[in-house]
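Undergrad: Letter by letter, the chains look like this.
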Amino acid sequence: MSDQTDLIQGTLDLLILRTIALEPMHGWAIAQRIQQISDELLRVQQGSLYPALHRLEHQGWITAEWGASETNRRARFYSLTKAGRKQLATELSKWERLSAGVNLVLART
Amino acid sequence: MRLWHILRTRTASLLLRRRREAEMREELQQHIERETERLQASGLTPDAARQQALRHFGGVEWAKEQCRDARGTARLDSLGRDTRHALRRLIRDWRFTAAAVSILGLGIGANTAIFSLVNASLFRGQALAEPHRLVDLYQNGSNRGGVDGNSYPAYLDMAARTDVFAGTTAALVPSGVNYLDAGVLRPAVAEHTTASYLSVFGLQPSLGRWFTAAEDVPGAAVVAVLGHEAWRRKFGSAPSVIGRTIRIDSVPVTIVGVGPAGHRATIDLGIVTDFWLPISSLPALGAPPRTLTRRPEEAAFSVKARLRDGVTVEQAQAAMSILGTRLAAEYLQEDPGRGIAVYASSDVRVHPQMDGLLRAVASILLVVVGLVLAIACSNLATLLLVRGTARMKEISVRLALGATRGQLVRHLLTENLMLSAGGCIAGCLLAWWAIRSLAAVDLPMVVDLSLDYRVLAFAVAISLVTGVAFGLAPALKATRVDLVPTLRGDGETRLSENRWLTVKNALVVVQVMVSVLLLGGTSLFLQLLHASRTMRTGFAVDSVAMIETDTRYAGYSAILARQALEEVGRRVAATPGVQSAALTRGLPMDRTGVPVIVEGAKVTAGPDAGSRRATVISAGPGFFDVMAIPILFGRALDERDARDAPRVAVISESMARQYFGGADAASVVGRRFRPEADASAGAWIEVVGVARDTRTSLVDPTPQVFYQSFVQSDRPPTTVVARTSLDAAALVGVMQRELRMVNATLPVVSAKTMERHLEESLIAPKAVATFLGGLGALGLCLAGIGLYAVVAFAVSRRSREIGIRMALGARRQQAVWTVARDVGVLVGVGTSAGMALTLVAILALRAIVVPTPGISIYRPTIDPLAMLTVAAFVAMVGLAAAYVPARRAAMVDPLVALRRD
Numbered sequence: 001m002s003d004q005t006d007l008i009q010g011t012l013d014l015l016i017l018r019t020i021a022l023e024p025m026h027g028w029a030i031a032q033r034i035q036q037i038s039d040e041l042l043r044v045q046q047g048s049l050y051p052a053l054h055r056l057e058h059q060g061w062i063t064a065e066w067g068a069s070e071t072n073r074r075a076r077f078y079s080l081t082k083a084g085r086k087q088l089a090t091e092l093s094k095w096e097r098l099s100a101g102v103n104l105v106l107a108r109t
Numbered sequence: 001m002r003l004w005h006i007l008r009t010r011t012a013s014l015l016l017r018r019r020r021e022a023e024m025r026e027e028l029q030q031h032i033e034r035e036t037e038r039l040q041a042s043g044l045t046p047d048a049a050r051q052q053a054l055r056h057f058g059g060v061e062w063a064k065e066q067c068r069d070a071r072g073t074a075r076l077d078s079l080g081r082d083t084r085h086a087l088r089r090l091i092r093d094w095r096f097t098a099a100a101v102s103i104l105g106l107g108i109g110a111n112t113a114i115f116s117l118v119n120a121s122l123f124r125g126q127a128l129a130e131p132h133r134l135v136d137l138y139q140n141g142s143n144r145g146g147v148d149g150n151s152y153p154a155y156l157d158m159a160a161r162t163d164v165f166a167g168t169t170a171a172l173v174p175s176g177v178n179y180l181d182a183g184v185l186r187p188a189v190a191e192h193t194t195a196s197y198l199s200v201f202g203l204q205p206s207l208g209r210w211f212t213a214a215e216d217v218p219g220a221a222v223v224a225v226l227g228h229e230a231w232r233r234k235f236g237s238a239p240s241v242i243g244r245t246i247r248i249d250s251v252p253v254t255i256v257g258v259g260p261a262g263h264r265a266t267i268d269l270g271i272v273t274d275f276w277l278p279i280s281s282l283p284a285l286g287a288p289p290r291t292l293t294r295r296p297e298e299a300a301f302s303v304k305a306r307l308r309d310g311v312t313v314e315q316a317q318a319a320m321s322i323l324g325t326r327l328a329a330e331y332l333q334e335d336p337g338r339g340i341a342v343y344a345s346s347d348v349r350v351h352p353q354m355d356g357l358l359r360a361v362a363s364i365l366l367v368v369v370g371l372v373l374a375i376a377c378s379n380l381a382t383l384l385l386v387r388g389t390a391r392m393k394e395i396s397v398r399l400a401l402g403a404t405r406g407q408l409v410r411h412l413l414t415e416n417l418m419l420s421a422g423g424c425i426a427g428c429l430l431a432w433w434a435i436r437s438l439a440a441v442d443l444p445m446v447v448d449l450s451l452d453y454r455v456l457a458f459a460v461a462i463s464l465v466t467g468v469a470f471g472l473a474p475a476l477k478a479t480r481v482d483l484v485p486t487l488r489g490d491g492e493t494r495l496s497e498n499r500w501l502t503v504k505n506a507l508v509v510v511q512v513m514v515s516v517l518l519l520g521g522t523s524l525f526l527q528l529l530h531a532s533r534t535m536r537t538g539f540a541v542d543s544v545a546m547i548e549t550d551t552r553y554a555g556y557s558a559i560l561a562r563q564a565l566e567e568v569g570r571r572v573a574a575t576p577g578v579q580s581a582a583l584t585r586g587l588p589m590d591r592t593g594v595p596v597i598v599e600g601a602k603v604t605a606g607p608d609a610g611s612r613r614a615t616v617i618s619a620g621p622g623f624f625d626v627m628a629i630p631i632l633f634g635r636a637l638d639e640r641d642a643r644d645a646p647r648v649a650v651i652s653e654s655m656a657r658q659y660f661g662g663a664d665a666a667s668v669v670g671r672r673f674r675p676e677a678d679a680s681a682g683a684w685i686e687v688v689g690v691a692r693d694t695r696t697s698l699v700d701p702t703p704q705v706f707y708q709s710f711v712q713s714d715r716p717p718t719t720v721v722a723r724t725s726l727d728a729a730a731l732v733g734v735m736q737r738e739l740r741m742v743n744a745t746l747p748v749v750s751a752k753t754m755e756r757h758l759e760e761s762l763i764a765p766k767a768v769a770t771f772l773g774g775l776g777a778l779g780l781c782l783a784g785i786g787l788y789a790v791v792a793f794a795v796s797r798r799s800r801e802i803g804i805r806m807a808l809g810a811r812r813q814q815a816v817w818t819v820a821r822d823v824g825v826l827v828g829v830g831t832s833a834g835m836a837l838t839l840v841a842i843l844a845l846r847a848i849v850v851p852t853p854g855i856s857i858y859r860p861t862i863d864p865l866a867m868l869t870v871a872a873f874v875a876m877v878g879l880a881a882a883y884v885p886a887r888r889a890a891m892v893d894p895l896v897a898l899r900r901d
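Protein chains in written order, with my numbering: chain A, 1 to 109; chain B, 1 to 901.
No wet-lab data here; the hints were simulated from the structure. Some clues are possibly wrong.
[Unchecked claim] Among the chain B residues that face chain A by a calculated CB cut under 10 Å, a handful are:
1) Trp4
2) Leu7
3) Glu27
4) Glu35
5) Gly59
6) Glu65
7) Ala847
[Said to hold, decoys possible] Within a straight-line C-alpha distance of at most 30 Å, the following computed BS3-like cross-link-like pairs (lysine-lysine) qualify:
8) Lys234(B) <-> Lys752(B)
9) Lys82(A) <-> Lys64(B)
10) Lys86(A) <-> Lys64(B)
11) Lys82(A) <-> Lys94(A)
Since the structure is predicted, the reported quantities are computational estimates derived from the model, not experimental observations. Quick reminder that beta carbons are idealized off the backbone N, C-alpha and C, glycines included.
Full structure from sequences and hints, please.
TA: Written out as structure tokens, the structure reads:
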């Protein structure tokens, strides 16, 4: 497990927003998706996912609704709001600038 | 959109906390189940899968807490927790809570009620357009000692200065009238004024119109504008009232409009004007023709003017000074005056010469109220201090267990704010109740007794400031404790406690001082109340009944009126049980200040001139017999005093003593006096008898009265009084029947037993005395409780010291005595200071100068016995408060006292 990377502060929000941008998802699925797509490199402490979801909902970026899951069980599905899409765009460009900057610094030293 | 989402989720978080909590639990539960299933699918046993899933998840409770935080309800949760905790504490200490809430409630309630009253009657301004352009004009009276005012001709001279004034109006002092509408005669208040009245004030009638200048000419049909309040209360807000003809003082009057809402009278001081009538209608309504002449004694008009644009008060004053000089030269004989004074209307509340008195009365009332509040607050402070000390240990424990200071302060503050809120609610309820019961008293004046929002804000502010100030101070002090000694249990014994000049000692002295002052005040009020209950009236009240009518409504001349009344009197006298009956105009409770001139008395110059006023009662034969007023010297009025006989009068003892300067009242018989207004040779009245004083007023105990035969005074009788050996209440019915029999068109002005009549005439002073007495009693309770609490607290802090003394072998008496001595010194200092303050207050009350003759105010006397009683009471409460805890401390086993926390 030591080759897994802890998430940088604040990036979890970005990952959640990006993940549910495609389709509404419930919490467990979001955690699975992040882990799969990052080839198990990014470790999301599953417990910390929920406070982040609630915070995003509180801020109005995402909205939650109860629905039936693929196994026909009750689940809370999260989807992006309009403001959430805008926020995702801003966060993405921010992230790109940050990683580009960091890469540059690393490349020159 | 985002705002909508935020609002929705946040409202849901707030309102549906329980549901959100359940949802969150379900969501997390689902997650762990799914993870368990996934792991099971990958080959783990169910148990191992569950273990693994939980490990992946991390702390479930921690996540829940984080979620709650994320939703922003954590702060609310802790507030709820604090509130619940505080509520539990307050309920557990219900004795403390009840005491604090009732102390605050009494303080706030009394304050709100009195503030409402004072605010309504003294400080509420009228709504006027451009008030800065309004001025009041007063022609200074040519007779010194009188109140400045204007005669009607002087007003016309002022109104002619249209270069200075855009508009001018005059209004006569309100007068009592009666009006007949729908067959019932009712009393009302009328003001006579000009057609320009409303335009000067910048107001509009709320219905119909004001009367016009064409209607304000002598001989015109009389029209009236109804006061808005009268329209609402007496005419049921009916719009159809416009055009209706009623009869005022028997004269047909057509109502043309309703005055503006909120404008109650020219001088807004409790008396509400029901009818506005043109000044020219005064003679038609029965006023003597001299009312409209230029005479100093007819200067009862108040004049208000609206300045022209750009004209200053100074310019108006300059113009009026010129006019004043001209009038003085031109009317040397009639009424020269002494110049004209111009005041900005905003600087005048009632009258420049009366405002000082009004302010003095108002400030005395507010000072008393302030003292009650001060006592209430210091009581509360003491209670909180006692509680703070008692909880010192609890607080230390909580601090030691890791509570932050902020948490503790927040917690204590919540508790105190809840206390204040409770006090505030109790206070508002009390104020509401007090005002409601005051409104139920049938006062002879209408005071707008409503709790308005400013008053409510005032009460809330008081309670919050009190709560925060006295709640936070002990809270801060309590949390600044040094942990170790307090936990060890000796936090209460510091050597510094023995210093003399401590806050607590000061608190004791101040509390005692204010208590004495309040009790001194209370004794004054109670004196007044006692006087009102035990007043010796000096005339028969039991088994006497009276009926008053107004013969003008039957269209009678003076002679016919007299004959009709005499017929009623004869019929009443013939009724079984009636011992005697008599006719009169005026009863001992009436007060009419007729200026009189006494023959041979010292010159009428100096400040006393014009102050010889007397009440005139026009009585018929047998009056003194029915009313049982003894004649001390000379004779009573009888049939000899006919119309063409020499004019004679019986005067009251006080009038004989004060106006005729006779130490020997008998020598007054045979001397003469006359009304100031009548200078003819035949106006002199000879004194034929002196009657014993009658007392009907608390503030004016020795009235000057003269009784004249109504056939000689040209004032027809209005009232029949009769004494019966049977039930007086039944006699009232008989009298009403007899009056109807003589002439069915004669309306009943009032018909009641003398007892009831006296009772009603005393209702206002009795209400005031009861009110002030109640306030004093309230102060007494608060002062007693507070004093006891302060002293008992101070002594209980020394119980450990007492224990040590006992352990060292002091005798019980000695130990108690040591403490009692210290407290005694404090109580002594406080009592002396309080007595001194009370004396100063009484002297200040006595020094209030009344600028007008005819108005009396209550002058308290210094009653040494009452003062001593008050001092003894306070000293007793103080010493009892010291003795009881000291003795209890001394009874305790020294070992227990030493070991005790």
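Undergrad: Kindly indicate which numbered hints from before are broken by the structure, ordering the numbers from low to high.
TA: 7
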